[in-house]
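Per numbering that gives the first Met the number 0, residue 0 is the first one in the sequence shown, and the count goes up by one each step.
Hint data in this document are derived by calculation from the structure and do not stem from the laboratory. Just so we're clear, the structure is a prediction, and the values are computed from it rather than from any experiment. Glycine residues also receive a C-beta, built at the ideal position from the N, C-alpha and C atoms. Possibly wrong hints are sitting among the right ones.
Here are the computed distance ranges between Cβ atoms for each label pair [unchecked claim]:
#1 G149 - K45: 36 to 42 Å
#2 S483 - N521: 41 to 47 Å
#3 D479 - N441: 27 to 33 Å
#4 D516 - H469: 15 to 21 Å
#5 K145 - P283: 33 to 39 Å
#6 K456 - G368: 30 to 36 Å
#7 M308 - N521: 37 to 43 Å
#8 E625 - I561: 39 to 45 Å
#9 H544 - S600: 39 to 45 Å
#10 Y647 - I561: 46 to 52 Å
#11 S600 - E626: 26 to 32 Å
#12 G331 - D292: 55 to 61 Å
#13 T620 - H469: 38 to 44 Å
In silico DMTMM-like cross-links for lysine to aspartate or glutamate, where the CA-CA straight-line distance does not exceed 25 Å [said to hold, decoys possible]:
#14 K450 - E434
#15 K296 - D501
#16 K108 - D133
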Amino acid sequence: MSSINPILYSVGIYFASNELYVSNIFIRHTLYNKIEEQKYLLYFHKLVENSIGVTSWHIDHHFSEVFAKSTVNYPVPQSVIHMVRKIQGTGLLDGPYSEGAIIISLDEKIFYNIIKKTAAQGFDKIIICDSMGDIISHTDKELLGKNIAGLDYGKKIFKDTDREGYFIHNINGISCVVSYSPSEYNDWIYISITPAGKYNISTGLLLRIIALVAIASVIIGLLLSLISALKLSNPIKTLVNFCKDIYKKPLFGSESDCNIIRSTIETLTFDLKEQERKFTVILPVLRDNFLQDIISKYHDDINRIKERMQLLGLEFPHKYFCVLALHIGKKGKSENTRLYEYKKIDIADAIHNLLDTRTSVCYRCEKDGNIVLIVNHTSGIEKVLETVNRFLLQANGHSSRLYIGVGIPAEKLDRICESYTTAVKSLKYHYIYPEQHIFTANESLKWENNKHKQMDKSLLNAFRDSLQKHDRNGALQAFDSIISSIRSEKYSYDTVMKILSDCISIVEKTASCKGLDLSIDNTDIANINHFMDRLTGSIISIFNHIESLRSELNSEMVQKAIEIIRNNIGNCQLSLQFVANALYISPSHLSRIFKNETGTSFSEFVSAQRLNHSIDLLINTNLKIEEISSMMGYSTPQYYISRFKIKYGYTPKEYRLRYMSSN
């Protein structure tokens, strides 16, 4: 804008509650980054916050330093004058005009150019300062940003309570007339310094400068009124006509004195249309934020709510209100996010169109992952439920993942938040009853009233005991009994979540005791059926792990038993009891695991080992058959001979003779 006309740098509107700044240069908001991380948005936030009263003026001589790295295609002025007008609408500070602001920023050069263009050569200096003495504009650019009180003649001006008059003062050895006068439009003070010898030719020019600066300021004030009224077309015509009337009056002596104003009005017409276009672009976001706001908390200022509705083009013409909370479940982590969002939009559009009729108005927004429909209707809630049920029937299974929570009816706008709260509470129960698709507030209230009802502790105890005893079937049956109790006893949602959490804790603790690192993530579980599948899988994993550990332990135990047998093969006391005692286990357990691991019985294995060892004695010693039989623990030599022949096909004596003859 400043490249087209120097009178304005930017026009912007600041919405405090949304931390939103919209101007002809850029739009800044806090949807993605905090305000502390955005120096442009933070700058205007502090500007409004530090403004006092309805309308205030601010001069910033370091503006170009703040915005030196701006990415906009506009030259950044070194010094800027801001006019801030607070308006109702967003709740920034306390007070009737503290809820947002219109901010119009002017390049300081506008006043400097007016002074340079209008002032005759008789003027030595012309100064504009605010009520605190800070110099806003000056023919000497080096004095910008300094305080008039730092100059000798400035102190005298501020001692005058009327802030109007003149006096003779010696400046740099030259006697000068110092004239000063206040502005009737704001709190600025205009000062002229003229050598006494040239005073006559300069008389009256200060008034002309004041008039030109004032008319520029008036134009800004009118623009503020236009934007705050939000009626952009008709007032701009009035403003143009007003300025045309000014041109016709001989206040400035010629039409050239109003060139700045004329070109500004032409620019403003385009700029205001551009602002309206930008407002239209962000309107859906503003509507969504507003709808989220009215369902989230109680509002006692209904007039303010209605004003915002009018601004956003929203209306609730009917008597009754009802809020629906819609949840569309995902098929799983593998489902494409884009397709899932399209599905949500399609379902929301379909239900919205059914509820947005001649007798009901429907608006929608999204909050906490749920689609929220605010229905304003003429009849009771039964009509809304009938419409929703009709949609589910027409969907013919395509809405199997759709769940709807229906809030309590409301007859006042400020009670919409209560309807939303009960709708969300009702919707939570789809986790427990996934086969059901509509949950009303009255139905969920009955469940919520059971919040003190607790499940029989024996069910959880049976589940815990079965896991500790390594009883797979018992654990699965106990868990199934817990789920059946949840679904049949109508516990409150919080009670159910506590029971399921206890089940997870029992399973994880059992797994930890068995050395199994098992962490059950239930954040992505859609409903209790999925929870049951997830926990059942974890229980089976525990028992598989136990079986694996048991198998490893049994194998190790059998290997130790075999080692004991071989080391004691010549011991006549070698027996099942002997080995079991050495391993500190029961004979029956040893017999069972020995058979499972080796495929043969303990006695058969020992007998085979004895016969093998007897061969070594037959071929390497001169011991008699009777002696070998006794050493191997056989009851009689005949029994030894019979067992030997069965295994090798020869008697011990024949085996020895054959071996000796072959060698």
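Contradicted hints - numbers only: 1, 2, 5, 8, 9, 10, 12, 13 and 15
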